[in-house]
Amino acid sequence: GEQVEQRPPHLSVREGDSAVITCTYTDPNSYYFFWYKQEPGASLQLLMKVFSSTEINEGQGFTVLLNKKDKRLSLNLTAAHPGDSAAYFCAVSDSGGSNYKLTFGKGTLLTVTP
Amino acid sequence: DPKIIQKPKYLVAVTGSEKILICEQYLGHNAMYWYRQSAKKPLEFMFSYSYQKLMDNQTASSRFQPQSSKKNHLDLQITALKPDDSATYFCASSQPGQGNERLFFGHGTKLSVL
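As given, the protein sequences belong to chains C and U, one line each in that order.
In this text, residue positions in the first sequence follow our numbering: the first is 1229, and each later residue adds one.
In this text, residue positions in the second sequence follow our numbering: the first is 19, and each later residue adds one.
FYI, nobody ran anything at the bench for these hints, they're computed from the structure.
One thing to keep in mind: the hints can contain errors.
[Said to hold, decoys possible] If you want a taste of the chain U side facing chain C, the calculated C-beta under 7 Å gives, among others: (1) Tyr28; (2) Pro60; (3) Leu61; (4) Tyr69; (5) Lys71; (6) Ala78; (7) Ser79; (8) Phe82; (9) Gln83; (10) His125.
[Unchecked claim] Some chain U residues judged to face chain C by a derived CB distance under 7 Å, without partners named: (11) Gly46; (12) Asn48; (13) Tyr51; (14) Phe63; (15) Ser80; (16) Arg81; (17) Phe123.
[What the hints assert, rightly or not] EDC-like mimics (lysine to aspartate or glutamate), calculated; alpha carbons at most 16 Å apart, straight line: (18) C/Lys1334 to U/Glu36; (19) U/Lys59 to U/Asp93; (20) U/Lys59 to C/Asp1245.
We treat Cβ as the ideally placed atom computed from N, Cα and C, and that holds for glycine.
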């Protein structure tokens, strides 16, 4: 089945710096890709849902890149601020294109220091 | 104001006992799910229900039994608890059929089995 590897497990950056989190997946037919943010004590919040047809996806303060050739998904926080400190999870849907049976990465704990 | 309510937030149980994890969603969704996050493992899909019917089951053990008494409820009964069942259990919901279908997660129930 699908396997997702997420790196790094921990990331510490200074305010204003960029932060990049990367996931690689194994199923070349994977269809939907997700980034979730989880603040301490809170539930997972969807940052972005990416379709397999879109390589560059702009959000507020971040960019999600999908490289299907290399089977790599990345989240780039362009100018991190302390409010971005949280755990981030990537997830990939199965090749059937379901929106619910996601394979998650292990997560990245991001700390942004002032 | 959480729209997916999981109870309790923390749960301690002894080996061999039985517990029920409660989940109610007030998003009007027709599909509900359970995911599990064990220590050092990524979030794993367990079950999906749609219109109170089991759609998908990725849990090998019959000790885990979802129960849906109402459309917006999906409880998880776990019998003969083992220390390996210690994890945070996340309930989620979605509205199938929408082009922008996405999972909404609860805050989780952290289960510790002694």
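Here is what the structure says about each hint:
no. : hint                 : result
1   : Tyr28                : 11 Å, violated
2   : Pro60                : 4 Å, holds
3   : Leu61                : 4 Å, holds
4   : Tyr69                : 14 Å, violated
5   : Lys71                : 14 Å, violated
6   : Ala78                : 13 Å, violated
7   : Ser79                : 18 Å, violated
8   : Phe82                : 16 Å, violated
9   : Gln83                : 19 Å, violated
10  : His125               : 5 Å, holds
11  : Gly46                : 16 Å, violated
12  : Asn48                : 12 Å, violated
13  : Tyr51                : 6 Å, holds
14  : Phe63                : 5 Å, holds
15  : Ser80                : 20 Å, violated
16  : Arg81                : 21 Å, violated
17  : Phe123               : 4 Å, holds
18  : C/Lys1334 to U/Glu36 : 28 Å, violated
19  : U/Lys59 to U/Asp93   : 23 Å, violated
20  : U/Lys59 to C/Asp1245 : 29 Å, violated
Checked against the numbered hints listed earlier, the structure breaks hints 1, 4, 5, 6, 7, 8, 9, 11, 12, 15, 16, 18, 19, 20; every other hint is satisfied.
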